[in-house]
Amino acid sequence: MSYLKDKGIEVAYKEISNLNTLNLGPTHPATHGIFQNVLTMNGEIIEDSVQTIGYIHRAFEKIAERRPYAQITVLTDRMNYCSSPINNFGWHMTVEKLIGCEVPKRAQYLRVIIMELARIADHIICDSVIAVDTGALTGFTYLFQWREKIYEIYEEICGARLTTNMGRVGGLERDFTKTAWTKLNAFLKGFPAVLEEFEQLVKRNRIFMDRTVNVGSISAQRALDYGFTGPNLRAAGVDYDVRVALPYSHYEDFSFSIPIGENGDTYDRFMVRLEEMKESLGIIRQAIDGLPEGPFHADVPDFYLPPKEDVYNKMEALIYHFKIVMGETDVPKGTVYHSVEGGNGELGFYLISDGGRSPYRLHFRRPCFIYYQAYPEMIKGSLLSDAILTMSSMNVIAGELDA
Amino acid sequence: MTAKVQETAQKLQSFLDSLSWLDKTEVNIEFDFPEAVVDKSKIHALLQEIKENPSMGFTFLTTLCGIHFPSRTGQEFCVMYQLHNLYTNERIRFYSFTQEGNPTFATITDLWPAANWMEREAFDFYGIHFEGHPNLTRILNVEDMDYHPLRKEYRLEDDTRTDKDDTYFGR
Amino acid sequence: MNTSVTIDPALKPEGYEGQGFFATRLENLVGMARKNSLWPLPFATSCCGIEFMATMGSNYDLARFGMERLSFSPRQADLLIVAGTVAKKLGPVLRQVYEQMAEPRWVIAMGACASSGGVFDTYSVLQGIDKIIPVDVYIPGCPPRPEQLIEGIIKIQELVQTEGIDRRSTPAYQEKIAKYNLQ
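Chains as they are written, first to last, in the working numbering: chain A, 3 to 405; chain B, 4 to 174; chain C, -3 to 179.
Calculated from the structure, these hints are not laboratory results.
Some clues are possibly wrong.
[Unchecked claim] Keeping only pairs whose Cα atoms sit at most 16 Å apart, straight-line, the calculated EDC-like set for lysine to aspartate or glutamate is:
{"no.": "1", "chain 1": "A", "residue 1": "99", "chain 2": "B", "residue 2": "33"}
{"no.": "2", "chain 1": "A", "residue 1": "99", "chain 2": "A", "residue 2": "227"}
{"no.": "3", "chain 1": "B", "residue 1": "45", "chain 2": "B", "residue 2": "20"}
{"no.": "4", "chain 1": "B", "residue 1": "155", "chain 2": "A", "residue 2": "227"}
{"no.": "5", "chain 1": "C", "residue 1": "31", "chain 2": "C", "residue 2": "95"}
{"no.": "6", "chain 1": "A", "residue 1": "335", "chain 2": "B", "residue 2": "161"}
{"no.": "7", "chain 1": "B", "residue 1": "155", "chain 2": "A", "residue 2": "356"}
{"no.": "8", "chain 1": "C", "residue 1": "127", "chain 2": "B", "residue 2": "161"}
{"no.": "9", "chain 1": "B", "residue 1": "155", "chain 2": "A", "residue 2": "63"}
{"no.": "10", "chain 1": "A", "residue 1": "99", "chain 2": "B", "residue 2": "20"}
{"no.": "11", "chain 1": "B", "residue 1": "54", "chain 2": "A", "residue 2": "227"}
{"no.": "12", "chain 1": "A", "residue 1": "335", "chain 2": "B", "residue 2": "35"}
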């Protein structure tokens, strides 16, 4: 209620004492995913909400206990499908930590390029969807063209568009092709202007600001209590970024800044993502400039599939190929946790290996799952239309939420 | 990296030693994580102390999950807590074990609201009860499910299904 | 003023044409109209939903197939596109959405998960939506490319054109819905 008063809106519902129940979801088109909220409404104002999730629970953690290491790659891709390469590489870095594999610098730099592209693709979806929910469909159709260009780069690197499976333990499946570099350069050349234009469309737009400023805010302290990470935490003013705090994949080589917000509201979350896209472009440029020569994967024959021509012509390669595909490689015992900065925050992989063909326990720290709990608190006292906007600005990805 | 982890481990060890009510607890280093096993009756008090004591300052709960070890008699169920000190970028991990039957732990939702769903997930997957939890119900699976699917004894596939012919898949 | 209308020969149904008239069966005409004005309801749950969004976007442009308007209400929709994993928890919801749709209605199962459960052969995932609702076109892929989805939609359009006006009273259709205990 106080939030409405700040905006100078007189609340006309004060006298109404009977509350209504409104069911939002699970297949509501505006929720951008499958989750249910049963709202208790006082007129147009949300008094309380009860969340139900699990509508696409796919039991990733159970599958991971029954499948060999090579087959878990495909699961990670389908977790946060908006930025699947980050999930993918995060898993491979976890296994590399477990087996003590040193990845060549070129592979790490190539990974950085792909991960930052994935971050841009993720933030494009989130930001353009925020714009759609405030009524600016133009931004969506315009920015999505450039997301397609990122997909074309992925396609050139690995052949797939969305769920890429492009990582391997020890590096990448293959090096970038010449066309991939051309497409990447074209993207780097064209995208900043498009992003600038999109920013100009909405950044100081009266309607957009009225709809987003002070909507769904959360304080830094509450955000930390609720386990927020990633852009949503940074929007609240905490500069925690796994890329800087606990660098992986040679992120310490690049200079970039962490954009932070002040109020933790929808506008700040939008702006943090927008600025992060620019920083990501900078990181990609630095990675291209500093890209060392060398192999694109480590020499770990136990985990890295040999080239196909060797499989047909060399005995050892055939044996290794068979061992990897059948999941008969020896994995050391141990417990390892590795986290990467995913599209939504700290994406962690907690892996217990008992030396068997599949992990004994694999737990995913899914940022969405943890911060979506704060949603009822964030929408309490706001309007129904603001609740939708808050949800899309939190970027809740159903695949990651339900695992 | 390793020097810093060792420093954290030493800091944690001396802190645990300084707590008079805690039994002798040894801190091990597993890769880049100092970790310790704590008795389940002490885990809530310890986490509270570690969160609130300014010399430790592990104020951020990174993750919490249940684990099932059917082969460890008397220690079948485990809850893993992972904490983060955002100022110094140190991370630590605690384990707490309990036996089969009615696995129960004290909830830490009063310390971190973030633990709410994580504990519900652990309940859903393993049937671990958290005493004092405000709403301990299934979160991901359907309400009327009659088993806890991530326990090791249950199959990955649904037992009731008849649609797929297993003869061609070697199962 | 030139008032003559030229019909694309590919769209023109079979019939007799003379000066100033064109005679055909009502069935053909309705089929043609239905085919080019389908209102799809995207039941997008996971990864496939993102590819559906890409298909909807400006590069692939679903509007070319008469699908300019997505119907988010099942009551006005003709075509249900189930894109993504359907867990058992979501099964009753999907069935209810299907039951709310008015005849004639068609269903596309987009992607491996919707068609068969895909890689998620687990306790929580419905092993294909055809366990609970009848499906007309299956699109393979994990997720299918937008081109594949477009191909699936073209297949549905062929079906819509050739199925006749009163699809519901055909014995084959009656048998099908009886199998699923639908009204």
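Taking the hints in turn, this is what the structure says about them:
1. 99/A to 33/B: Roughly 11 Å between the alpha carbons, so the hint for residue 99/A and residue 33/B holds.
2. 99/A to 227/A: Not OK: residue 99/A and residue 227/A at ~29 Å, beyond 16 Å, violated.
3. 45/B to 20/B: holds, 14 Å
4. 155/B to 227/A: Judged against 16 Å, a Cα distance of about 32 Å means the pair is violated.
5. 31/C to 95/C: Roughly 22 Å between the alpha carbons, so the hint for residue 31/C and residue 95/C is violated.
6. 335/A to 161/B: violated, 30 Å
7. 155/B to 356/A: holds, 14 Å
8. 127/C to 161/B: Since the Cα atoms of residue 127/C and residue 161/B sit roughly 14 Å apart, the hinted pair holds (cutoff 16 Å).
9. 155/B to 63/A: Within the cut-off at roughly 12 Å; holds.
10. 99/A to 20/B: violated, 30 Å
11. 54/B to 227/A: holds, 11 Å
12. 335/A to 35/B: With a Cα-Cα distance of about 15 Å, the restraint between residue 335/A and residue 35/B holds, given a limit of 16 Å.
The structure is inconsistent with the numbered hints 2, 4, 5, 6 and 10, although it conforms to all the rest.
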